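> These protein sequence lines map, in sequence, to chains A and B.
If you count by numbering that gives the first Met the number 0, then the first sequence holds residues 0 to 341, one letter each, in order.
If you count by numbering that gives the first Met the number 0, then the second sequence holds residues 0 to 341, one letter each, in order.
Don't take every hint at face value.
It does not matter which identical chain is used: a pair holds within one copy or between any two.
[Stated by the list, open to error] Once the Cα atoms are required to be at most 27 Å apart in a straight line, the calculated BS3-like pairs of lysine-lysine come out as: (1) Lys217 / Lys30; (2) Lys118 / Lys5; (3) Lys26 / Lys212; (4) Lys118 / Lys159; (5) Lys252 / Lys324; (6) Lys261 / Lys249.
The hints are simulated quantities; they were obtained by calculation from the structure and are not laboratory data.
Predicted model only: the values in this text are computed from it and were never measured.
Number of protein chains: 2
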Amino acid sequence: MSIKQKLTQLSELGEFRLIEHLTGDIKLRNKSSLKGIGDDAAVLKYGGNTLVLSTDLLVEGIHFNLMYSPLKHLGYKTVVAGVSDIYAMNARPQQITVSIAVSNKISVESLDEFYSGIKLACERYNVDLIGGDTSSSMTGMMISVAALGIADEGKLVYRKGASLNDLICVSGNLGAAYAGIQILERERKIFQADNRIQPDLSGYDYVLERQLKPEARKDIIDLLGQSNILPTSMIDITNGLASDLFQICKHSKVGCRIYMEKIPIDEETAKIARELNIEPVICALNGGEDYELLFTVPLNKSEIVSSLKEISVIGHITGSDWGKKMVTSDGGEVELKAQGWN
Amino acid sequence: MSIKQKLTQLSELGEFRLIEHLTGDIKLRNKSSLKGIGDDAAVLKYGGNTLVLSTDLLVEGIHFNLMYSPLKHLGYKTVVAGVSDIYAMNARPQQITVSIAVSNKISVESLDEFYSGIKLACERYNVDLIGGDTSSSMTGMMISVAALGIADEGKLVYRKGASLNDLICVSGNLGAAYAGIQILERERKIFQADNRIQPDLSGYDYVLERQLKPEARKDIIDLLGQSNILPTSMIDITNGLASDLFQICKHSKVGCRIYMEKIPIDEETAKIARELNIEPVICALNGGEDYELLFTVPLNKSEIVSSLKEISVIGHITGSDWGKKMVTSDGGEVELKAQGWN
Numbered sequence: 000m001s002i003k004q005k006l007t008q009l010s011e012l013g014e015f016r017l018i019e020h021l022t023g024d025i026k027l028r029n030k031s032s033l034k035g036i037g038d039d040a041a042v043l044k045y046g047g048n049t050l051v052l053s054t055d056l057l058v059e060g061i062h063f064n065l066m067y068s069p070l071k072h073l074g075y076k077t078v079v080a081g082v083s084d085i086y087a088m089n090a091r092p093q094q095i096t097v098s099i100a101v102s103n104k105i106s107v108e109s110l111d112e113f114y115s116g117i118k119l120a121c122e123r124y125n126v127d128l129i130g131g132d133t134s135s136s137m138t139g140m141m142i143s144v145a146a147l148g149i150a151d152e153g154k155l156v157y158r159k160g161a162s163l164n165d166l167i168c169v170s171g172n173l174g175a176a177y178a179g180i181q182i183l184e185r186e187r188k189i190f191q192a193d194n195r196i197q198p199d200l201s202g203y204d205y206v207l208e209r210q211l212k213p214e215a216r217k218d219i220i221d222l223l224g225q226s227n228i229l230p231t232s233m234i235d236i237t238n239g240l241a242s243d244l245f246q247i248c249k250h251s252k253v254g255c256r257i258y259m260e261k262i263p264i265d266e267e268t269a270k271i272a273r274e275l276n277i278e279p280v281i282c283a284l285n286g287g288e289d290y291e292l293l294f295t296v297p298l299n300k301s302e303i304v305s306s307l308k309e310i311s312v313i314g315h316i317t318g319s320d321w322g323k324k325m326v327t328s329d330g331g332e333v334e335l336k337a338q339g340w341n
Numbered sequence: 000m001s002i003k004q005k006l007t008q009l010s011e012l013g014e015f016r017l018i019e020h021l022t023g024d025i026k027l028r029n030k031s032s033l034k035g036i037g038d039d040a041a042v043l044k045y046g047g048n049t050l051v052l053s054t055d056l057l058v059e060g061i062h063f064n065l066m067y068s069p070l071k072h073l074g075y076k077t078v079v080a081g082v083s084d085i086y087a088m089n090a091r092p093q094q095i096t097v098s099i100a101v102s103n104k105i106s107v108e109s110l111d112e113f114y115s116g117i118k119l120a121c122e123r124y125n126v127d128l129i130g131g132d133t134s135s136s137m138t139g140m141m142i143s144v145a146a147l148g149i150a151d152e153g154k155l156v157y158r159k160g161a162s163l164n165d166l167i168c169v170s171g172n173l174g175a176a177y178a179g180i181q182i183l184e185r186e187r188k189i190f191q192a193d194n195r196i197q198p199d200l201s202g203y204d205y206v207l208e209r210q211l212k213p214e215a216r217k218d219i220i221d222l223l224g225q226s227n228i229l230p231t232s233m234i235d236i237t238n239g240l241a242s243d244l245f246q247i248c249k250h251s252k253v254g255c256r257i258y259m260e261k262i263p264i265d266e267e268t269a270k271i272a273r274e275l276n277i278e279p280v281i282c283a284l285n286g287g288e289d290y291e292l293l294f295t296v297p298l299n300k301s302e303i304v305s306s307l308k309e310i311s312v313i314g315h316i317t318g319s320d321w322g323k324k325m326v327t328s329d330g331g332e333v334e335l336k337a338q339g340w341n
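Bound-form chain A, shown alone (with noise of 0.2 Å):
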């Protein structure tokens, strides 16, 4: 008798659910080790201080396409996607390492360009290279960076404390890193389709900025400490506002209600998507790598909160039983859905 075995495919899963899977049932046992997997960061003790530990993948031709990726771009980017997750938790980077696998085929020269980014952004947001590993790679390009930085640990702030009534808020404004690679990839298959014909990137400045050189927003951390706000949870947004504000919602046990009309979108990203035949809402809900950062201050913060430039306001938090809605410009109400594996 012979029984097949039935596997799982990942996309049954989708990413969160699929960490989850894998390591749910893993105990911490050092006791440097305050917070594990779930979060923006690790948390660590050690001594009087509390550090936080992050890394993140970029993988060519998932996360960037070196046919439109300028490399020098690509590793201010990556040190972006590494400080970024620091900030998300009210911490201050200070060092980071990056490991790349590259094909052999790549010249010093472009590996040059990769690490004047690299030094570039290190240098923006004062945290030190301190080492990583390089391989060869038989395929595509692949970086890994990995960040710690130094927390006040009464300051944290984690996806988890979210409470009945905060304020939501978002910093900048979304989705116009989704319009940009939708114009890159416009333009590429344009140019795959017929050569001869030269990709037209004029005009997309501000979209093609965000998608290729992103900034961390450091400077809010620094706004909302001088500001003495201290968020409730936060998380920075690069699944899409959608599955980012989902996991806000489960990890502090609460249900959102959202303003379609007060979700920041630039004009130059709405003009883009119009064009695209997008409705600019669903790029900033399903897009992603904004790294702006979503979070929420409680509702008495409500006055300061909103006299500061950059920040929006989008909602409030509600009961877990309401469920996680967006009340669209016609008054109507929407159930918000958070993507999958991709």
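The hints should help you fit chain B onto chain A, whose structure is shown.
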């Protein structure tokens, strides 16, 4: 006028010179960064604690082949690669992060296997898996591991501390992992040429285990501590004895003289090497992936170190103008050569 720029291939530099070229100009800016790129791990100072941080990449087709690497073993080896660097600094691993990029075709059950190997090794080496990132990959599997450890600052051991007349020591035996990969590759080729012929791996248990499921030498660090031996320099052998000894010589600005007869090689390794028409000593010098410790101790520790099981004294440190030499069985002397980028 058009001048075509000549681009430099990675192979022209080799891995170590490439890293130097790319990162040689980096100045550390944060006072918590004590030592950056250039040793087995970076060294950090947070409050009263001295931490070490290292990262490694394992790339499919370069570091492992899923045709013959069971995923559970691969998970185990991932942790070993991470903690081995920490031991090589005479420090204690505390936390690791593991990030993986995998094809969507891999099943959840396969990843379960991989993580069961990680968890087993975490238990064995008393480290906590505290984070990681998962991504899909368009091509092969890639693994990135970062390990954080704690050290006694006065007892940190760098690559740079070897002095004239110090004894050169290695733990365990060398070349077995290389013999293992040769056997696996031979059987793979036979199987691919005619898949009716099943691989015959019987009688190769030891070298296969050394290749597929190596151990890090925590026990040697314990033993040295108990014996009051503080090495003057240390590195873990991952690139091969020759290449890793070169690192100690380069960082310590010294030469070396080792004795071929004294290089510890297991009988099974030697037998297989001869079967494959390779000089056994070549497996030890250039093979790599041994995860043994290579270290130097002051001459006055000769008696103690010689009495320790699992440690072999293979030579001594000379002046840098004496070069890097190996005395052969017939009393001749050959120049040691290190391997480059591959």
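> Taking the hints in turn, state whether each one holds.
Structure-based check of all given hints:
For the homomeric pair lysine 217 and lysine 30, the shortest alpha-carbon distance between copies (20 Å) is at most 27 Å, but the shortest distance inside one copy (30 Å) is not. Only between protomers do lysine 118 and lysine 5 lie at most 27 Å apart by alpha-carbon distance; the minimum there is 24 Å, versus 48 Å within a single protomer. Proximity of lysine 26 to lysine 212 under the C-alpha cut-off of 27 Å is restricted to the inter-copy arrangement: shortest distance 23 Å between copies versus 38 Å within a copy. When the C-alpha separation of lysine 118 and lysine 159 is checked against a cutoff of 27 Å, the pair qualifies only between copies, where the shortest distance is 26 Å, while the shortest distance within a copy is 34 Å.
In this assembly of identical chains, the alpha carbons of lysine 252 and lysine 324 lie at most 27 Å apart only when taken from the same copy (15 Å versus 66 Å across copies). In this assembly of identical chains, the alpha carbons of lysine 261 and lysine 249 lie at most 27 Å apart only when taken from the same copy (22 Å versus 60 Å across copies).
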